[in-house]
Amino acid sequence: MNRIIRPFKEGFVGLIRHLAMSFSSIMAVMITLTIVSLFVMLTVNIQEITQSIEAKVQIHVQIKNEVGLPDIGELERSIRAMEGVVEVVYSDKDKELNQFIEAYGEEGKIFEMYRGEKNPLRNAFIIEVQDAKNIDAISKRVEGMDGIESVNYGGVNAIKLVDILNSIRDSGFILVGFLGFLALFLIANTIKMSIHSRMHEISIMRTIGATNGFIRAPFVIEGILIGFFGAIVPVLISIFGYRYLYDAMGGILLSNLFILRPVFPFVYYLSYLLVLLGISVGLFGSYLSVTRYLRVYR
Amino acid sequence: MIKLSNVSKTYKNGVNALYNINLFIDQSEFVYIIGPTGSGKSTLIRLLDAEEKPTKGNVEVAGINVGLLRHGKVPYYRRHIGVVFQDFKLLERKTVFENVLYALEITHMKPLDARQRVREVLQLVDLSEKSSHYPDQLSGGQQQRAVIARAIANKPQILIADEPTGNLDPKKSGEIIKLLEKINQEEKTTILMVTHDIGIVNQFKKRTIALEAGHIVADMAEGGYIQHESHHSAV
Ligand SMILES: Nc1ncnc2c1ncn2[C@@H]1O[C@H](COP(=O)(O)OP(=O)(O)OP(=O)(O)O)[C@@H](O)[C@H]1O
Ligand SMILES: [Mg+2]
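Residue numbers (our numbering), protein chains in the order written: chain A, 1 to 298; chain B, 1 to 235.
In case anyone wonders, no lab produced these hints; they're calculated from the structure.
Check before you lean on any hint, since a few could be wrong.
Said to hold, decoys possible - Pulled a few chain B residues facing chain A out of the computed Cβ check, cut under 7 Å:
#1 G63
#2 L69
#3 K73
#4 R79
#5 V83
#6 A103
#7 K155
Claimed, not checked - Listed below are several chain A residues computed to face chain B (Cβ distance under 10 Å; list not exhaustive):
#8 K93
#9 I215
#10 V275
Quantities reported herein were computed from a predicted structural model and do not represent experimental measurements.
Ideal placement from N, C-alpha and C gives every residue a C-beta, glycine not left out.
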């Protein structure tokens, strides 16, 4: 029999012979990889959302009415000089009203009457910050400056959401680690059974001079097959599940603020990762077992 | 061919299985190892096929210091020695032909050459007609001949057999010995055979080494007495 085909055939036979054990190992890999997949989807989208939020995180500063244009220029310069500030844009009350009206669309038309002298809005700065984390500190500093009426910033709830998602991800990480070990243990155990059922054959192989690599190969292949079969369902769940979710939510999470990672090519990379992980766990688990149980004999 | 110098073997549990053994077996010799149960016969065999390492002394086979063989080299060493045990060890799921072929497959011999060699050895052990049978379709003697065919397929320089006739009736046992004699003569294979069967030793006279409690107590040329190494002298 061919050198390459033999271990595959025998590995497959081993898998079939202990179908119940193999099945539980495959299930363990399947569950682990499904959770890994969810975990990766979450992580990637947290990243995506964090980026899209950060682009939108800005401080809106209202300037007191009595502050004149020269002093406004002075304020702008000192804010711009602060650390962590990327850009300061001045927007006078007329512009502010335009935006306000625009933001409300059709209904905003009724605010047209406030144009000119009766405009209740203030002149404003829009500050863009480098890192959402600093937004609070910068806001406080700006608020403390002379001539500032009030300071607002958006995206705080978004940042809180990201924090929550992050902690979900972190606990997911622990779960993944735990399940990974379980899968490894189950695979090692399946391979151990397979080795025991073939001890007779192994002892014959030894006496007639089979190398350790030759003896080991079918068992390692068996482990790899377990890992591979365990990856199939998670891959399908990832590709179709993610596509379904993405389409169902229209590519966003709750609001336009949270843009999700597009389906392609993301799901392909995710699939490669899952198959690779499945195979690695199978390889590692079986190798552990084989090395442990075959080393005993000389 | 086989040279043991001051070899002692103490198992991990403290049992002294062999004590200060000195032994030389030349190429193409046919030698019996006899002795009561627990005298260390199988231990001697296990030292020769590198299953065990000597606690003291040197075990040299075909110029190789077996005790010093690195783990990874052991399989390659084993291809130069054929081993036959009392319990017939054939793979049940393979035919006689496949069982013998298996020993050649592991050496990655070219398939055509391998098949040719299998036919040759099956002819030699007189099992050509049974080549497509499975082990459970063979008698004990036939199974043991298949095992011998597998052991010599790689053209080993040495064939060691631990009670190859232990499970066989006298007639079948005689056939096995005649087969071993034939291999010894035709293939020039050195043969070392452990046996309990004094009937065989008396009928087919060979050099005979007697073990007792881990010592060589007698080393007799074909029927004649050569030397006596009293175990008292070694203490
Ligand atoms: N793997 C082992 N571990 C510990 N002690 C062992 C081991 N193998 C054999 N022994 C001990 O070493 C001694 C010699 O055993 P060995 O198997 O060599 O005897 P033997 O001459 O082949 O006996 P038998 O005729 O019954 O096969 C015995 O006391 C036995 O109990
Ligand atoms: Mg014995």
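Quick rundown of the hints versus the structure:
For B:G63, the suggested interface contact is broken, since its CB lies about 18 Å from the closest CB of chain A, more than 7 Å. Restraint check, B:L69 versus chain A: the minimum CB separation of about 9 Å is more than 7 Å; hint violated. Interface hint status for B:K73: violated, as the beta-carbon distance to the closest one in chain A is roughly 10 Å, over 7 Å. Residue-level restraint check for B:R79 holds (minimum Cβ-Cβ distance to chain A is 4 Å; threshold 7 Å).
Interface restraint check for B:V83: the shortest CB-CB distance to chain A comes to about 5 Å, inside 7 Å, so the restraint holds. For B:A103, the interface hint holds, since its Cβ comes within 7 Å of a Cβ in chain A; the closest pair sits about 4 Å apart. Because the beta carbon of B:K155 sits about 12 Å from the nearest beta carbon in chain A, more than 7 Å, this interface hint is broken. A hinted interface residue such as A:K93 counts as satisfied when its beta carbon comes closer than 10 Å to some beta carbon of chain B; here the least separation is about 85 Å, so the hint is violated.
Against a cut-off of 10 Å between C-beta atoms, the interface hint on A:I215 holds, since the closest Cβ of chain B lies about 9 Å away. Against a cut-off of 10 Å between C-beta atoms, the interface hint on A:V275 is violated, since the closest Cβ of chain B lies about 31 Å away.
Figure legend: structure checked against the earlier numbered hints; hints not met, in rising order: 1, 2, 3, 7, 8, 10.
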